[in-house]
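> One-letter residues, chain by chain:
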Amino acid sequence: MQITSPAFKENARIALHDAGLQKALGNLKEGFPVKRSTAVARMPEFEQLRDEGTALKNHILENLDIYLEQFEANVIKNGGHVHWCRTPEDACKKILDICEEVDAKTVTKGKSMVSEEINLNDYLEKNGVEPIETDLGEYILQLRGDHPSHIIAPAIHLNLEDVSEIFHEKHKRPKSSDPKVLMQEAREMLREKFAGADVGITGANFLVAETGSTIIVTNEGNGDLTQTLPKTHIVVTSIEKVVPTLEDMTLFLRLLARSATGQEFTVYNTLSTGPRRAGDQDGPENFHVVLVDNGRSEMVGSEFQEMLRCIRCSACMNHCPVYGAIGGHSYGWVYPGPMGSVLTPKMIGIEEAGLLPNASTFCGKCESVCPVRIPLPKLMRHWREDEFSKHLSPKAVRWGIGGWAFFAKRPTLYRLLSISSNLFLRVMAGKKGHIKKIPLAGGWTDGRDMPAPRGKTFMSQYKSRKQR
Amino acid sequence: MHAPEKPIKVGLFVTCLVDMFRPSIGFATIKLLENAGCKVSVPEAQTCCGQPAFNSGDKKSTQDIARQTIQAFDGYEYVVGPSGSCIGMLHHYTELFDESDPWKARAEDLKKRAFEITSFLTDVLDFNTILSKYDAKATYHDSCAGLRELGVKQQPRKLLAKVANLTLNEMEESETCCGFGGTFCVKYPDISNRMVENKTSNIVDSGATTLLGGDLGCLLNMAGKLKRQGHKIETRHIVEVLAGMTDEPAIGDADYELGQPA
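As they're listed, the protein sequences go chains A and B.
Residue 160 in our numbering sits at position 160 of the first sequence, and the numbers go up by one each step.
Count along the second sequence from 1, then add 468; that gives the number in our numbering.
The shape of chain B in the complex, shown without the other chains:
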C-alpha cells in the first residue's frame, strides 16, 4: 500500500448514470478512495464514456468523446470509476485510432491508468480496511464488461467479506447477462425483458435480501424488474455498502414506505 503522506492523485470518472440517477454512488466512491489514501478530483470536462455511440456504430462521435475524456483526465495518476462497463469503454478507446494517430498513444496511456473501483482498491492499492456494517443476506451480480473485459470477479467478494454482518448468498448464473445492454434494452425490449426475468428469478431463489452489483445500468434494470414483480429485495451498488453509506433508500425505493407518513 502507498504511504498516506504521499496521496495518490485520482480523477473520478463519475459515469453519466451515476451523475443522473444516483449521486450517492459517486460520493461513496470518493469516500473509499480517500480512506485508501487518495486525493480525489472530479474533472468538469467529463460527460459520458461514449458507449452509446460506440455500440451504435457511430465511430466519429465516439472518437470525439474519447478525445474529450482523454484530455479531461490528463495528469491524473489514475482514473477510477464505479462501473466496469464505462471503465471498459475507456479501455476500448485504443481501438478507435490508427497507429499513426497521436491519440492512439494517449488512449493507450489512459488504458493503463483507468480502473474499476473494486479492482483499483484490491489490485492496485491492496486496500482492505473496510469498516462498514450492513445487516443483509446479499447476492452479487457480475456485470458483463467488468467480468469479461476487466477481470472483476473476486475483488468485490474480497471486499464484501470484510463488511460486518453481511453474508453472501451466491445466485445461480451470477455471470449471465441481465439483459440491460445499454440501448439493447429499449431496442429489443421483449428479449431484454425475458433476460431480466431469468435474472430476477435467480436472485429471488438465492434467498438474498439485498442485490449488489458494480454497474448502475444493470442495477437499474434488475431493480426495476424486482419492483415491477413486487419483490421486497433491496438493490444497491457495492460501493454504498463498502463505504457504509446505506442510509439512502435502496435503488427504486422511496424515502418512506407507501401508506406511511413521510
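Excised from the complex, chain A in its bound form:
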C-alpha cells in the first residue's frame, strides 16, 4: 500500500471534515471502550492478569531465540515447514514460491495484519495469483480497493451505506441496506471461493512453542474455512507471537478478547498443528509457517523492545482521542493509533513517519488500557529523541525549543522573558480578558481565544509583596 504518513497533517485535516468518516468514528466510541470496561469490571483479577501477561512477554522476549527454535522443531516434527524471512520481500517471495509449487490460481485469506505489512496481496496479484479476503471487513475493503483503518475492525471507517453501495455494484444484485441480507450475500459469494481455493493463508495470534501450533481467533469462522479446505495452508506471522505453552496462550487469549472487543472469549479459537495426519477427516496436506522479522529482531535489546509485547488487541487506538478524531487512514500506513506510531517509524523509517510519534498529547490513556502495559507515550518520546538527535525535527521546532531552553536555563533572563511576554499579551488584550488573534500564533487563535494574563507575573508580584 502507498505510504502517506508524511502527509499526516493533511490527511487528518481531510478526515476531520469527512462527514461519513466522522459518523463511522462515532460508532467506535460507543462500541469498544464501553464494552471493554464492562468486561474488565466483571473480572476482579484483570489487573493481576495484565501483570502476568507483561511479565510473561518480558520473559519470552529475553528468550526469544529458544522459544522460536522450539516452535520450529515442533512444526517440523508435526510434518510442517518453517520459513524465516528477514524482509517483506523475502516473505512475499517465499509465499509465492509455495503457491507456484502447488500451481495455485486463487488463495483465500483470513485477516492478517502481517500480510498487510508485507503488502502480500499486491505481490500475489502481480504474479498471477488471485488473493481473496474472507474476513467480512477485509472482503468489503478488497471490493472497494481500500485498506484497513483499524487492526481488528478493518472497515470501521465505513458506514452501512458504503457496504450497500459496493455490494450492489460488484455483486450485481438488488441494492439492500439490511445488514442481514448483505451478510447473507457475502456468505454466498465467499462460499464458492472457499471451496475453489488452492491455498489458504491466515495470520496467527500466537505460536505455541511446546506443540508447534499456531492459533487464530475470529468471530466469523472464516479462518476455519480458509485453513481447512485448501490443500495447502500458509501461516504468515511475525516472530514476537511465540509463547512457551498452551497454558500461556490461554492467559493471552483472556487478555486479548476483553481488551479488544470486551468479549470474555473470542467466538472461534482455531489451532493448527501441522498438516492432516493419517486418519484425520480433513485439513490441509501441506502446512507452512512464514515467520517475518521486518525489523523486530533489531528491536530486541533496544529502547523499543517493550513494543514487542504487543498482542494486537487495538485497545490503544480504541481509546485514543487522536485516533477517535481522525481515524486510521490518516496515519498513512498499515498500523494506526498509538501502537502504530511506535511501530511505523521502525518499519518504514523515522524520516517518513516522524509526524506520527509527535501526534500525541501524551495523555496516557493508551498505556492505561494496554493489556501488556506497554509504555506507549515513553516509546513515542524515544522516537522524538531519535528525530531530534538526527536533526530531523522541523526547524521551527528545533529553533523554538533551542531559544526557549536558552532562557529556561538562565533564571534571571527567564524572568525578563516572562515579564515581557506577559506585558505583550496584556497590551494585546487591552481591556478585554482574552485575545482573538495573535500574530504567529494562529495555531492557537484560529480555533480558540487566548485568555489574557491577569496582572504582572507571579514572580514580580511575589517579590513586591515580600518587600512591602
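Chain B stretches covered by chain A per the calculated footprint, using a threshold of three residues with CB under 8 Å from any CB of chain A:
(1) 482-491
(2) 506-518
(3) 521-534
(4) 637-647
(5) 659-669
(6) 685-696
Straight-line distance between alpha carbons at most 27 Å, and here's what the computed BS3-like set of lysine-lysine pairs gives:
(7) 466/A / 499/B
(8) 621/B / 35/A
(9) 409/A / 655/B
(10) 409/A / 527/B
(11) 29/A / 378/A
(12) 527/B / 395/A
(13) 463/A / 474/B
(14) 395/A / 655/B
(15) 477/B / 466/A
(16) 507/B / 463/A
(17) 528/B / 395/A
(18) 466/A / 507/B
No wet-lab data here; the hints were simulated from the structure.
Backbone N, C-alpha and C define an ideal beta-carbon position, used for all residues, glycine too.
Following the hints, position chain B against chain A.
Below, chain B without anything else, positioned relative to chain A:
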C-alpha cells in the same frame, strides 16, 4: 496532620504558565499551604519544569533544566505545585539520568518530595479545613498527567465537597484529554481543536456554570474554546475556589463586562 508549632518547609513550584498568565493560582496555593500549617518559600532559581524540551526529544536541555530545578529545591521537605503535569514532569527527571550518574539519586529524592497541591493536602497532610464558599454548579476536568501519572482523581473532589454552596455536576468523559498537550496544540491545531470541541460540548451538557481543573494549560485551552464559542461558563483553577480567592475575574474574563463602565 502535622502539629502547627512545627511548620513543614514547602518549596512552591510556581509553574511557568501560572507565573505568566495567572499569578492568583500561585497565591491561592500559598494560602492553602499556609492554612494547612506549612511554611512556604518560592525559590528564585526555578523557571519551567522542562516539559517542552522533554516532549520535543531535546534530552540535553531537559537534563540541564532538571539539574537546575533539583538544585533550586534542595533542602525543602516538600515541593508542591498547582499542576499535575508539571509535578509529573519533576517525577520524570528520574528517567533522564543513568544509574551511575549522581543526579539520578537526587532526582529520585525530588520525586519522593514533589506533590500536586490537591494530592499534597489530601494524601500527605490529610487537610480538610476548607472554609470557602462559592455559589456555582461546577464540573471538574481530570487533567491527564495528574490523573494517570500521579493518581489525582478523588482528592480534588474530596476538597470541593467541603466548599459551601458548590455542587459538582460531573461531565461525560471527564478523563478524556482536552487536546492541549503542550506544544501539540500548536503543532497539530486541527486535531487539538476537535478534541477541545468534544470537551466543551461535554462541559456544556453537564449544565455546569463553572469549569474547574488542576492544570492551567488545559484550563487556558478549554476557557479559550468556551470563549470563542460564546459560552458564559466561568473557568477557574481549583485552588482559587478552595482558597476562597474568586474575586478575580475567571480565566479569559475581563474586569468588567463589555459595554459596561469599568
